[in-house]
Amino acid sequence: MILIWMIGILLAGGILCWLAAQWFPVLAKWIALLTVIADMALACTFFVVYKTFPHSDNSWFIDYQVNWIPSLGISLHLALDGLSIVLLLLTFFLGILAVLCSWNEIKEKTGFYFFNLLWTLAGISGVFVAMDLFLFYFCWEIMLVPMYFLIIIWGDTNRRYAAYKFFIFTQAGSLFLLLAILALYFIHGQQTNNYTFDYFSLLKTVLEPTTEKWIMLGFLIAFVIKLPMIPFHNWLPDAHSEAPTAGSLILAGLLLKTGAYGILRFVLPMFPEAAASIAWWAMLLGVIGIVYGALLAFAQTDLKRLIAYTSVSHMGFVLVGIFSFNEIAMQGVVMQILTHGISTGALFVMAGMLKERLHTRDITKMGGLWTSMPAMGGVAILFTMASSGLPLLGNFIAEFFILLGTFNINTTLSVIASVGLVLSALYSLRMMQQVFMGQPATTTTVKDISARELIIMVALSISIVALGLYPQPVMDTVQHLSFTIHPLLHE
Amino acid sequence: MQQYLYLIPALPLAGFLALSLAGRRLSANLIAGIGAGSICITAVITILLGIQFLQSPPETGVWQQTLWQWFHISNLSVDISLRVDALSLAFIFIITFIGALIHIYSIAFMRHDRDYARFFASMNLFVCAMLILVMANNLVLLYLGWEGVGLCSYLLIGFWYETPANYKAANKAFVITRIGDTAMIIGLFLLFKELGTLNIADILHLAPEHFATSATGISLIALLLLAGGMGKSAQVPLHTWLPDAMAGPSPVSALIHAATMVTAGVYLIARMHTIFELSPLAMQVTAIIGAITLFTAGCSAMVQTDIKRILAYSTISQIGYMFLALGIGAWSAAIFHFFIHAFFKALLFLAAGAVIESLHHEHNIFKMGGLKNKMPVIYWTFVAGAAALAALPLVTAGFFSKDQILWYAWSAGNGHPVLWAVALCGAFITAFYSTRLIVVVFWGEMKTSISHLPPKTMTIPLIILAFFSITAGWIEWPHNLLHLSLFSEHIQHVLPATILQTHLHGEIFFQLIAAIITLTGIYTGYLLYHLQPEVILQWKQRSALVEIREFFFSGWKFDQLYNNIIVKPFQFITSTNKSDAFDKIYNGIASANLHLNQLFSISQNGSLRWYVVGVLIGILFIITLQLLL
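Top to bottom, those sequences are chains A and B.
Sequential numbering from 68 applies to the first sequence in this note's numbering.
Sequential numbering from 2 applies to the second sequence in this note's numbering.
Hint data in this document are derived by calculation from the structure and do not stem from the laboratory.
Check each hint, because a few of them may be wrong.
Heads up, simulated EDC-like pairs for lysine to aspartate or glutamate below, C-alpha to C-alpha not over 20 Å straight-line [unchecked claim]:
1) A:Lys514 / B:Asp116
2) A:Lys176 / A:Glu423
3) A:Lys422 / A:Asp369
4) A:Lys514 / A:Asp429
5) B:Lys558 / B:Asp307
6) B:Lys373 / B:Glu358
7) B:Lys585 / A:Asp369
8) A:Lys514 / A:Glu423
9) A:Lys432 / A:Asp223
10) B:Lys169 / B:Asp307
11) A:Lys432 / A:Asp515
12) A:Lys514 / B:Glu163
13) A:Lys432 / B:Glu163
14) B:Lys457 / B:Asp114
15) B:Lys579 / A:Asp429
16) B:Lys541 / B:Asp307
17) A:Lys432 / A:Asp369
18) B:Lys579 / A:Asp369
Covered by chain B, per the in silico footprint, the following chain A stretches (three or more residues, Cβ under 8 Å) [what the hints assert, rightly or not]:
19) 393-399
20) 435-442
21) 487-497
In this text the structure is predicted, and so the values were computed from the model without any measurement.
For glycine and all other residues, C-beta sits at the position ideal for the given N, C-alpha and C.
If we strip away everything but chain A, and leave its shape as in the complex, we get (with noise of 0.2 Å):
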C-alpha cells in the first residue's frame, strides 16, 4: 500500500502544483520540493528498514497486489527489492536537485512545469516498483510524455528537433516492447490457461528457444535504445543539450537508468538461454559504445553536448557489466548506475549554471573561468575527475567492478574497454580546460555560485565520495542480484 502511496503522493503533488500555480506561481516550487523530499524521506526509511529484514531467502521486501482490470488479468501488483530501493534513492534524490535546479531557472508556465517534472518522477519510480508488466508498461509511457513537455517547452533553441527525436525513439522501443510484453502474455495465457500480466507468473513461462529470442530483443531493443547502445543512440545527445537543465538531469540520471534495470529485472531473468546467447554481441556494442562516445565526446564545442556523449560511453560500461554475468560485474554494474546518475548529473547542473550566467554552451567562448569562480573550479575538478574514473570517487569502484570482472570473462573486450579509461582522462581534461582555464574569455565579472547552487553541489558531492570511499552499504542491498540471475552467472 505504502507503494501506492508513495506514487500518489508525486502524482497528486503535480496536479496541486499546477493549480495552486494558477493564483500563486511562487508557491508551486515549494509544493514540488515537499512532495519530492515526502517520498525521499519515505524510501530512506525503506532502506533502513531493509538493512534489518532478514532476506536469506525472499529478497521481496514489500509486495502488494489489488486487482485492476481482473479480466484481462492485469493488476496493481507492486514489490520492492533491494536493486528497487537503490534506484528510487537515486530517483528521489536527483528528484530534489531538479526541483531546486529549476528554482528560478523556469519563469513561464511554472505549475505545468513542476506538474511534468513530478509525472516524470512517478512515472520512473513507477517503473522500479512495478511487478505488473502492463502497469510497467503504463509507467514506462508516462514517464516519456511529461519529459516530451519539458524539452519542448522549456527547452532551449533546437527543441522542436530534440523533442520529436526523443520522442520517436523512445516510442520506436516502447512498441517493440508491447508487442514482446503481449505475445509472452498469450504464449503463458495458452500453456496455463492463466492469462496474467504478472511478472512473477510470466517469470515461470516455458518457451521455445527461437521464441525466446524474439521476444527477448523485443524487451531488449526497447531498453538498450534508452540505455542508449550505440547505435540507437542518437537521440541522446540532441535531448540532452536542449532540455532544460532539470530536465537533462533527470534525463542523464534516471531514464537512461530505466534501462539498464529493465535488462536486469526483465531481459536476464526471464530469458536467461537467451540473453546467453547475443552476451558476446551486447558486451561488443558496449565497449564499441565505450570508445565511441568518448571519441565523439571529445570533438564536441557544446558543452552539454559533450556531456551527452560522456554518457554514451558510460553507460557502454553497464552493457558490458551486464552480459558478462559476473558478480563483480553487476555489482559494478548498479554502482555505475548510481554514479554515473550523480557525476552526470552534477555536470549538467553545472552546465545549466554555466548557461544561466555565460548565455552559452558554446566552450570555445568560455575559459578562465576559474579566476572568476574559485568554487565551481574546484566542484569541476571533483566532477571531471569522477567521470574520468578517479580512485575514491563512486565512478572508480564501478568501472574497476566492471573492468574486473568482465577481464575473467573476456580479456579482449575488458581491455578494449579499458583504453575507455584514457579516453575519458582526455575528454575530461579538454573540458576542464576550455571552460576554467586559460585567459578569461570575457571581461565582465561572473558570480561564483550562489547558496542554493552550493547545497546542490555539495550534496553530490558527498555523495560521490561517500560512494567512492564506503560503497559497501549499496552492494549489500543489492547482494541478491547475483541470485536473481544465478542460472546465468555460473556458466
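Add chain B to chain A, keeping to what the hints say.
Relative to chain A, chain B alone:
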C-alpha cells in the same frame, strides 16, 4: 605505535580539506601555518615512528593498521589498510621530511600569489596521495594513491592556469601517466585472475608457488606493472611529460622530482619485487629501459638552456639509474639512490627557484651569471647539490649511491658490461652538465640584475638539504672501503640482497674508473665553459654538430613523433566525426520519409477529376486481375 599510523596520511589530508574548504577566508599566515604545519607535524611523527621502528622492530617486520573495509564481494575483499615496513619507511621518511622542507620554503616563495590557499591545499593533497601510495597494503589502495598523485601533479603543473603552455603541460602529464596507469590496472586484473587476491603481502607470498608451474602470465604481469611505473617515473618512451612539467612553480617541481610522483614507479617495482624476480624477461627490460633513459635524457640535459629543464632531464636520467639498478637486481642500491637523489634534487630545484625568482623570472642560464658573490648561500648550496648530482667522489652523497649502481651494473647477477658502459657514459654526461650549470649560472659576469635576495625561510631549507646532500651517503660505504652499510641492512629486511657474479673481483678498479670518469666530466665542463669557451663557438659553426645539438635539445624528437603518429590522427578522426556518422543514417530515414510523404501528397490535391481517375484505375486493375486469374 602502529595505532598512530593513520595520522601520517590523515594530517596532510586534513590540511587539504581545511584549505580547500575555507582557504579563501583565511589570512595568509594562517594558510601558511596550516599548509606547512600539517606536513611538518607529519614529518615529526614519521621520525618518531621511524626511531621506534628501528629500535624495536616488530617481529613480522611490518606495522599494519586497518581503518575500515572498503568493499568485499565474492572472493574480492579490499580494505583501507596501511602497512609499513622497512621499504615504505624509507619512502615515508623522504616524502614527509623533504616535503616539509619544500613546504617551509614555499611559505615565502609563494607569498604573493593570488591563490596561496589553493597552492598549499594541492601540495598537501599531493603529499597525502603519495603517502597513501607507499603505505597501501593492497594494490587497489595503492592505485588510489597512484591516481591521486596524478591528479595533484595535474593541479600543480597547471597551477598558473591562465597561460596555455601551463595547462597543456598539465594535461600532457595527466594523459601520459594515465596511459601507464591503464596498463598497470590491466596488470592488476591479471594478477587478480591468476592469484585471486590484490593484497600485496598475499601476492608476494602466493606468486612463487603459483607461477612455478605456469610461468606464462608472470612476464606479462610484470611488464604491465613496469609500464605503469614507466609512466609515473618518466622513463622512455613515456617520459615526455616531465620536461614540460616544470611549468609549475619551482617548489612543485621539487616535490614532483624529489619526494613524490616520479619515484612512485621505483617504489612499485621494488614493492612487487617477487613478481619481477620471477620474470627474467621483465628484469632485463627494466634494466634496458633504465639504461636507454639515463643516456638519452642525459644527452638532452647537456644542451638545454632553461635551468629547470636541465634539472628535469637530469631527474629522468637519475631515475633511469634507479630502473637500471632495479633491473639488475640491485634492489637496495636503487632505493639508496632514490634516497640520496631526493635530497640533492629537491635542493637543486629549490635553489634554481630562488635564482629564477631573484632574476625577474629568467629561466635561461645564458642570461644568468656572476651570482657567486651576490648570492653566496644559494651558490654554495647549489654547488653542494650539483656536486652530489655529479657524484664527486667521497665528499658527496651522490657518489656513494651511484658508485654502487655502477659496480653492480656489471657485477650483479643480471649485470652486463654494456649496461655498465652506458651507465659510465651517463656518469660522464652528468658530471659534465652539472659543472656547466655551476659555471654558466654562477661564474663569469652578471647579465641580469638581482631584484631581491631570498629570505631566511627559503635559505634555511636549502642549507639543511645541502647538509644531507653531502653527508647522507656516509651511512652506506662500499664494502672494500669501510664496513658500514646501515641502509642496505635496513632495506634487506624487505628486499633481497644483491647476488654478485662469482668470478668478478677488483671492485676498487671499478671505483677508480668511475671516479676518474666523473672528474673528467667535471673538468670537461670547466674547460669548455670557463677556460676555453671559444671551442664551443667553433663547434657552433659545424652544421653536423648543430644538428645533433638540435636533436638532443628537442628531447630526441619524441614530442614530434607522438604529435605526428598519435595526436594529429586522433584529432583528425575526432573532428571529422564530430557530428556523428550515425546521425546521418537517422536523418536519412527521416528525409526519405519526408520525400515519400511529398510524393504521396501529390495525390491528395483536392481535385475531383484526379480522384475519379484514381477510382477508375483501381476498378480496372481489379477487373483485369480477376480476368487474368
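Do the hints match the structure? See the list:
Between lysine 514 of chain A and aspartate 116 of chain B the alpha-carbon distance is near 18 Å, which keeps this suggested pair within the 20 Å criterion. The suggested pairing of lysine 176 of chain A with glutamate 423 of chain A holds, with an alpha-carbon distance near 18 Å, which does not exceed 20 Å. Only pairs whose Cα atoms come within 20 Å are accepted, and lysine 422 of chain A paired with aspartate 369 of chain A is accepted, the gap being roughly 11 Å. For the hint pairing lysine 514 of chain A with aspartate 429 of chain A, the CA-to-CA distance comes to about 19 Å; that is within 20 Å, so the pair holds.
Taking the CA atoms of lysine 558 of chain B and aspartate 307 of chain B, the gap is near 17 Å; set against the 20 Å cutoff, the hint holds. A threshold of 20 Å between alpha carbons decides the hint, and for lysine 373 of chain B with glutamate 358 of chain B the separation of about 16 Å falls inside it, so the pair holds. Taking the CA atoms of lysine 585 of chain B and aspartate 369 of chain A, the gap is about 19 Å. The hint holds against a cut of 20 Å. Under the criterion of a C-alpha separation no larger than 20 Å, the hint pairing lysine 514 of chain A with glutamate 423 of chain A is consistent with the structure, at around 11 Å.
For the given pair, lysine 432 of chain A sits about 18 Å from aspartate 223 of chain A by alpha-carbon distance, which is consistent with the 20 Å threshold. Between the alpha carbons of lysine 169 of chain B and aspartate 307 of chain B the distance comes to roughly 18 Å, so the proposed pair stays at or under 20 Å and holds. Of the supplied pair hints, the one linking lysine 432 of chain A and aspartate 515 of chain A holds, its CA atoms being roughly 18 Å apart against a limit of 20 Å. The straight-line distance between the Cα atoms of lysine 514 of chain A and glutamate 163 of chain B is roughly 19 Å, inside the 20 Å bound, and the hint therefore holds.
Straight-line distance between C-alpha atoms of lysine 432 of chain A and glutamate 163 of chain B comes to about 15 Å, which keeps the hinted pair within the 20 Å bound. With a C-alpha separation of about 19 Å, the suggested pairing of lysine 457 of chain B with aspartate 114 of chain B holds against the 20 Å cut-off. Straight-line distance between C-alpha atoms of lysine 579 of chain B and aspartate 429 of chain A comes to about 14 Å, which keeps the hinted pair within the 20 Å bound. The hinted pair formed by lysine 541 of chain B and aspartate 307 of chain B meets the criterion: a straight-line CA distance of about 19 Å does not exceed 20 Å.
The suggested pairing of lysine 432 of chain A with aspartate 369 of chain A holds, with an alpha-carbon distance near 10 Å, which does not exceed 20 Å. Between the alpha carbons of lysine 579 of chain B and aspartate 369 of chain A the distance comes to roughly 11 Å, so the proposed pair stays at or under 20 Å and holds. Here's how the segment 393-399 of chain A fares: 3 of its residues keep a CB closer than 8 Å to some CB of chain B, so the rule of at least three is met and the hint holds. Taking a C-beta to C-beta cut-off of 8 Å, the segment 435-442 of chain A contributes 4 residues in contact with chain B, enough for the three needed, and the coverage statement holds.
Look at the segment 487-497 of chain A against chain B: 6 of its residues bring a Cβ nearer than 8 Å to a Cβ of that chain, three or more, so the hint holds.
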